[in-house]
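> Spelled out, the chains give:
Protein chains: 2
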Amino acid sequence: MQAAVSRADLKRFVDLATSTPTLLLDLGIVEKDYRTLEAALPGAGIFYALKANPHPEIARLLQTLGCGFEVSSLGELKLLLDLAVEGERIISSNPVKSPEFIRKAYAAGVRHFAFDSAAELDKIAELAPEAELAVRLSVPNDSSEWPLDKKFGVDIEAAVHLLADARDRGLRPHGLIFHVGSQCRDVAGWITALEKAKLLWDEAARAGVELHLLNVGGGIPVAYSRNDVPFPAAIGDAIIETRARLFPSEVETYLEPGRGVVGRAGTMVCSVIGVADREDGRWVYLDAGIFHGLAEAMGGISYRFLSLAEGAEEPCTVAGPSCDSVDVVARDVMLPRVRVGDRIVIPACGAYTTAYSSEFNGFSGPDTKIVPSVRNV
Amino acid sequence: MQAAVSRADLKRFVDLATSTPTLLLDLGIVEKDYRTLEAALPGAGIFYALKANPHPEIARLLQTLGCGFEVSSLGELKLLLDLAVEGERIISSNPVKSPEFIRKAYAAGVRHFAFDSAAELDKIAELAPEAELAVRLSVPNDSSEWPLDKKFGVDIEAAVHLLADARDRGLRPHGLIFHVGSQCRDVAGWITALEKAKLLWDEAARAGVELHLLNVGGGIPVAYSRNDVPFPAAIGDAIIETRARLFPSEVETYLEPGRGVVGRAGTMVCSVIGVADREDGRWVYLDAGIFHGLAEAMGGISYRFLSLAEGAEEPCTVAGPSCDSVDVVARDVMLPRVRVGDRIVIPACGAYTTAYSSEFNGFSGPDTKIVPSVRNV
Numbered sequence: 001m002q003a004a005v006s007r008a009d010l011k012r013f014v015d016l017a018t019s020t021p022t023l024l025l026d027l028g029i030v031e032k033d034y035r036t037l038e039a040a041l042p043g044a045g046i047f048y049a050l051k052a053n054p055h056p057e058i059a060r061l062l063q064t065l066g067c068g069f070e071v072s073s074l075g076e077l078k079l080l081l082d083l084a085v086e087g088e089r090i091i092s093s094n095p096v097k098s099p100e101f102i103r104k105a106y107a108a109g110v111r112h113f114a115f116d117s118a119a120e121l122d123k124i125a126e127l128a129p130e131a132e133l134a135v136r137l138s139v140p141n142d143s144s145e146w147p148l149d150k151k152f153g154v155d156i157e158a159a160v161h162l163l164a165d166a167r168d169r170g171l172r173p174h175g176l177i178f179h180v181g182s183q184c185r186d187v188a189g190w191i192t193a194l195e196k197a198k199l200l201w202d203e204a205a206r207a208g209v210e211l212h213l214l215n216v217g218g219g220i221p222v223a224y225s226r227n228d229v230p231f232p233a234a235i236g237d238a239i240i241e242t243r244a245r246l247f248p249s250e251v252e253t254y255l256e257p258g259r260g261v262v263g264r265a266g267t268m269v270c271s272v273i274g275v276a277d278r279e280d281g282r283w284v285y286l287d288a289g290i291f292h293g294l295a296e297a298m299g300g301i302s303y304r305f306l307s308l309a310e311g312a313e314e315p316c317t318v319a320g321p322s323c324d325s326v327d328v329v330a331r332d333v334m335l336p337r338v339r340v341g342d343r344i345v346i347p348a349c350g351a352y353t354t355a356y357s358s359e360f361n362g363f364s365g366p367d368t369k370i371v372p373s374v375r376n377v
Numbered sequence: 001m002q003a004a005v006s007r008a009d010l011k012r013f014v015d016l017a018t019s020t021p022t023l024l025l026d027l028g029i030v031e032k033d034y035r036t037l038e039a040a041l042p043g044a045g046i047f048y049a050l051k052a053n054p055h056p057e058i059a060r061l062l063q064t065l066g067c068g069f070e071v072s073s074l075g076e077l078k079l080l081l082d083l084a085v086e087g088e089r090i091i092s093s094n095p096v097k098s099p100e101f102i103r104k105a106y107a108a109g110v111r112h113f114a115f116d117s118a119a120e121l122d123k124i125a126e127l128a129p130e131a132e133l134a135v136r137l138s139v140p141n142d143s144s145e146w147p148l149d150k151k152f153g154v155d156i157e158a159a160v161h162l163l164a165d166a167r168d169r170g171l172r173p174h175g176l177i178f179h180v181g182s183q184c185r186d187v188a189g190w191i192t193a194l195e196k197a198k199l200l201w202d203e204a205a206r207a208g209v210e211l212h213l214l215n216v217g218g219g220i221p222v223a224y225s226r227n228d229v230p231f232p233a234a235i236g237d238a239i240i241e242t243r244a245r246l247f248p249s250e251v252e253t254y255l256e257p258g259r260g261v262v263g264r265a266g267t268m269v270c271s272v273i274g275v276a277d278r279e280d281g282r283w284v285y286l287d288a289g290i291f292h293g294l295a296e297a298m299g300g301i302s303y304r305f306l307s308l309a310e311g312a313e314e315p316c317t318v319a320g321p322s323c324d325s326v327d328v329v330a331r332d333v334m335l336p337r338v339r340v341g342d343r344i345v346i347p348a349c350g351a352y353t354t355a356y357s358s359e360f361n362g363f364s365g366p367d368t369k370i371v372p373s374v375r376n377v
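Chain order of the listed sequences is D and L.
In terms of our numbering, the first sequence opens at residue 1 and continues consecutively.
In terms of our numbering, the second sequence opens at residue 1 and continues consecutively.
Bound-form chain D, shown alone:
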């Protein structure tokens, strides 16, 4: 699944990036990967998790393709409304939302929200009483590189209690949502989660709350420097088979991919701003780093670093431009002897790069440049 990058590809990327750091964005790959997910889970509602990359051209494209959107904030909502996305194609799966966001989203026609606390039901009862609600179920995140199970989600008993509470208040408990964690490396993550979801489904029915919707969240992985991630088709098959085994045939299914839609579509081009031979080996300093586009390196994402330089490769530590010693991106990266001014190309940077970027230390994060889609990847 990890795309081979030829020397000609590298040269093309370097030439396209007239300044650095730049994120080259190939909308043809966004379209292709969106369609792959559509085909992997036919009939599912797909809601792009806008946080992965909120570039308006991505949203505009996905809108024309019929994709929905998952948002959490007034900023994300405004971006979509400015593009005239209809509220009914927007959902919010953040279980804890500000009252102002709920009010404005509901006014814009958003009718689907996640929750996992009684306090959230208080807000929804007041501000969005007709919305369909999905309770966030906690599931194991063992298979993912960026686990999401520490902050949200309740266990089965609490979930049933919350669903019954919603019903008793006259609200509309409609389904459940789980998240296997971002960059999930094993289809077993979804199977285990669906098995737990089935227990909740049945317990809720026994408590008199009939559910209709399974939101299987995101987690679709992208190949970085390791190659062993499952294809979307394999994930889709696992979900389809498990769903058929455990749930009624008419169950509605939502999918909320972020990385799985835009991860492969972005290629970062950076410049080498310094090199140093230190006691622990060679260091290569780039004009992008932890605070400026490569934050996920802190969380275990192992990017590939490619160079047009020639000669023998050696293990290097790759660091960012800031004064902060946290700003170390990767260790034991094999690189030829690069020099100040050389370009470094980092594939699969479409997701959670520009989105996490700050202006710390006076450095700008990568600019985004839409490039012609010429690669058939």
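Please note that a few of the clues may not be correct.
Since copy identity is lost for identical chains, a pair holds within one copy or between any two.
[Said to hold, decoys possible] Only pairs whose alpha carbons sit at most 16 Å apart, straight line, appear in this in silico EDC-like list of lysine to aspartate or glutamate:
(1) 78 / 359
(2) 198 / 241
(3) 150 / 332
(4) 198 / 155
(5) 150 / 277
(6) 150 / 279
(7) 150 / 280
(8) 196 / 250
(9) 198 / 82
(10) 198 / 86
No lab work stands behind these hints, which were simulated from the structure alone.
Assemble the complex: chain D is given as a structure, and chain L must be docked to it using the hints.
Below, chain L without anything else, positioned relative to chain D:
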């Protein structure tokens, strides 16, 4: 050193923050803490590390007080030049700088740069040949909460070699710089560093390079939820005594405080956007978090969280507004039963808060509001 915050203070902060999250900035405290540092290390050149908080009003005030500035990037340089700060009052202590930055800084009159590699000397020889140079010496960072010793700095032997290399190229090796790490909790950090600096000083002299400048970096701590940090006066005394014991009387001294100048001057006011009673206890969700102003919580800074709510306190987990499970700010924070819409006041937020903030997930970081200085802290 941790300031007591009365109920009247809290009420005043809450009233001043007409929206949230907001960083209330008290320039009177900036001035007071700058003067405290001036008094702690008389005769030293003080260069404010702009990365701690690049708000222009801070720079403008420090400029009028006679303070210099330490910068790393074109963005920071531009901010100062827009305020008509003279280049000679600006230094750059980032040992690895982009060629474009060196060129523009030199053109603006900046004449002092740090370095710790031969590749940096290549750049300086070409772009800033008349600048005074300080070699970055690695020193132990055991006493600091945000260590800075992993990315920059060389040991004595390599430092001497680099200083001699600079001299042989006709450049101007002038001094040394070390950094004990940010938020350094023990004056021993500076003493140990100065003792190591003395070894380099003497070794350099034996190699025919006479040094003139000791840049003791930053690291001046601020009291967060723990109270046991040394006063600036104690740090100054330790530096003065150790310097007198080890270095010639005419040695020039630079100090580069960031947190020590602006940390206490900022007070963050947030809103509670959600609460949840989970299996592991109570959670309180704020409209500021790891990606939006409180990033240093990840690195061990333990903020205080204060509320006007009444009643018994209980241990809470405090989290930010985003969907990301990394966005958990603190655990076991004692808080009364706060409700959605209540305000939370976080003292000592002037440094490394807005500076690290991103717009991840569509949330804006805290706005900064300059407030009248009425507190004598």
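> Where does the structure disagree with the numbered hints, that is, which hint numbers, in rising order?
8, 9, 10
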